[in-house]
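Residue numbers (this note's numbering): 23 to 397.
Keep in mind the hints are simulated off the structure, nothing from the lab. Some hints here could point you the wrong way.
Computed beta-carbon distance windows for the label pairs [stated by the list, open to error]:
no. : residue 1 : residue 2 : range
1   : Ala284    : Thr138    : 40 to 50 Å
2   : Asn211    : Asp70     : 25 to 35 Å
3   : Asp347    : Ala284    : 33 to 43 Å
4   : Gln212    : Gln325    : 14 to 24 Å
Calculated pairs, DSS-like style, for lysine-lysine (alpha carbon to alpha carbon, straight line, at most 27 Å) [said to hold, decoys possible]:
no. : residue 1 : residue 2
5   : Lys48     : Lys62
6   : Lys273    : Lys127
7   : Lys91     : Lys62
8   : Lys322    : Lys188
9   : Lys127    : Lys91
Just so it is clear, CB atoms sit at the ideal spot from N, CA and C, and this is done for glycine as well.
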Amino acid sequence: MTTPLWLWQQADWPHFTWQDSVVLPKLRAVHHCLGLLSGKASLVDGEDMFSLDALLANIVASSAIESEKLDIYGVRSSLARQLGINIDSPVAVSDKSFGVASLIKDAVTEWRQPLTLNILLQWHYWLFQGQTSLMHPIEGGTLRGEATMQIVSGPPIDPEQIHKPKVHYQAPAREHIDAELKLFMQWFNQSLQDPLLDPIARAAITHLWFITLHPFEDGNGRITRALTDRALAQADQQSIRLYAMSEAILKQRSQYYEVLEATQKGGLDITPWVSWFCDALLTALDDALNKIERTLLKAKFWQLHSDQPLLETQRKVVNRLLDGDFTLGINATQYQRVAKVSKATATRHLAALIELKVLIKLPGGGRSTRYAIAE
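Please work from the sequences and hints to get the whole structure.
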């Protein structure tokens, strides 16, 4: 009997298992960080803006994983408009920006709705709304055709193998997709009420299962990550997002593809995948905690210096320092560029900020002199 090559060919598919001794400590760490994040966020004014920025980061990173660039300002304006959040300097929104914003907004704010095929098709339609590619146009809102769906790379360097690119993964045939999607959606909707299934483990399974099906001609990764965001929104039962899972995946993109490939060529024990998923989620949570901590420090700083007669250009530079953009401190040349002032003006501004005890001069001298926030 031939050994199954792909995960979905296993006899007990899709009955996944994992080793509790490896996975449970990581799940506990994730839930601990989620609690910390929720507590810290309650101390911050403007939680809506945090959520907006987290959703934007998710959209941009999810597209960047596929090496696609988006109009960040257009997507942000569309998201803000759809979420009812007022922002400074909104910009015109293209169909493409509206589409990707609509997808993520629906994924996380409508988390109470049962998942249906129509929802998945709508997401796919939004994803490719406003596309301009003439080389490889995708019909949004439709499942893939009869052609074999493979993830390949190559061709290899060996000239004798030039017509044999490496196959990293092959998805189930089109004739099985309707039944496979029905089974997946049934599990997704019913498992939400399963008291024995950890909601974070459920999100990890959601991601793996759907990307394994690969039901669309293109956009499977981005739809999968949106679906993962819905599972994570269901995990904490709120549409306010404070972290960006796709941003963490982007930082570890090569590892992401490696662990997916290994899992999809392995058996139904998915311990390595669930473990990696938890680690990536912890990275996203740590990043969000650091951002909130910087925001709290920033608010405390400006409260302390609320009566200082600072120019707008000075405030701009100080805010960049508070945001952590210049971890080694800022020098006069960098100040000049950020504030868009002359060298002489930059020198005067820095001297004034030191006198007001807003900045301190770090050790060093001459052109290498750097300045940092006064503690």
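Starting from Lys127, check that the Cα of Lys91 is at most 27 Å away, please. OK: Lys127 and Lys91 at ~19 Å, within 27 Å.
Evaluate the given range 25 to 35 Å for the C-beta pair formed by Asn211 and Asp70. holds (29 Å)
Between the beta carbons of Asp347 and Ala284, is the distance compatible with 33 to 43 Å? About 37 Å separates the Cβ atoms of Asp347 and Ala284, which means 33 to 43 Å holds.
Do the alpha carbons of Lys91 and Lys62 lie within 27 Å of each other, as the hint requires? violated (32 Å)
Can the restraint linking Lys48 and Lys62 be considered satisfied, given a maximum Cα separation of 27 Å? With Cα atoms ~21 Å apart, Lys48 and Lys62 stay inside 27 Å; holds.
Outcome of range test on Cβ distance (Ala284, Thr138; 40 to 50 Å): violated (32 Å)
So if I understand the rule, the pair passes when the alpha-carbon distance is 27 Å or less; does Lys273 with Lys127 pass? Given that 27 Å is the threshold and the Cα spacing comes to 23 Å, the pair holds.
Outcome of range test on Cβ distance (Gln212, Gln325; 14 to 24 Å): Violated, since Gln212 and Gln325 (Cβ atoms, about 50 Å apart) do not stay within the stated range.
Do the alpha carbons of Lys322 and Lys188 lie within 27 Å of each other, as the hint requires? violated (55 Å)
Of the numbered hints listed earlier, those contradicted by the structure are 1, 4, 7, 8.
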